[in-house]
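> Sequence:
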Amino acid sequence: MNTKLTLSIDDKIIKHAKEFAKQRNKSLSRLVEDYLDGLSSNNDPLKAKDIPPIARKLAGVLKGNPDVDIRKEIASHLENKYK
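Counting from 1 along the sequence shown, just add 35 to a position and that's the residue number in my numbering.
Hints listed in this document are in silico derivations from the structure and should not be mistaken for laboratory results.
These figures come from a predicted structure and were not determined experimentally.
Ideal Cβ placement from N, Cα and C applies to all residues, glycine included.
Careful: at least some of the hints might be erroneous.
To be verified - DEER-style ranges, computed between Cβ atoms:
#, residue 1, residue 2, range
1, Lys53, Lys107, 22 to 30 angstroms
2, Lys57, Leu93, 19 to 27 angstroms
3, Thr41, Lys116, 45 to 53 angstroms
4, Lys116, Leu93, 22 to 30 angstroms
5, Ile86, Glu54, 34 to 42 angstroms
6, Gly95, Ser62, 38 to 46 angstroms
7, Ala52, Lys118, 41 to 49 angstroms
8, Lys118, Ile48, 44 to 52 angstroms
9, Ile48, Asn100, 41 to 49 angstroms
Stated by the list, open to error - Keeping only pairs whose Cα atoms sit at most 25 angstroms apart, straight-line, the calculated BS3-like set for lysine-lysine is:
#, residue 1, residue 2
10, Lys39, Lys53
11, Lys39, Lys50
12, Lys53, Lys116
Whenever a hint applies, use it, and build me the whole structure from the sequences.
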């Protein structure tokens, strides 16, 4: 169920937010809804606010090898790359 919400926001911020939403093919309402949903979903790792939306969409696509510690692999790669 959708409920209408009235907000008082500076005109400049609204203008920038509309441009931002348009670049992402979203409505401003959807952008605000996604943001608020991200605030309330800190317990769901696929909706954590620090994960970009594209990464959330791709999460779970690759199963990977459960025996591989990805953090160690990345650290090893970076150590070798910057030696």
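> Against the earlier hints, flag every one the structure doesn't satisfy and list their numbers going up.
Failing hints, ascending: 1, 5, 6 and 12.
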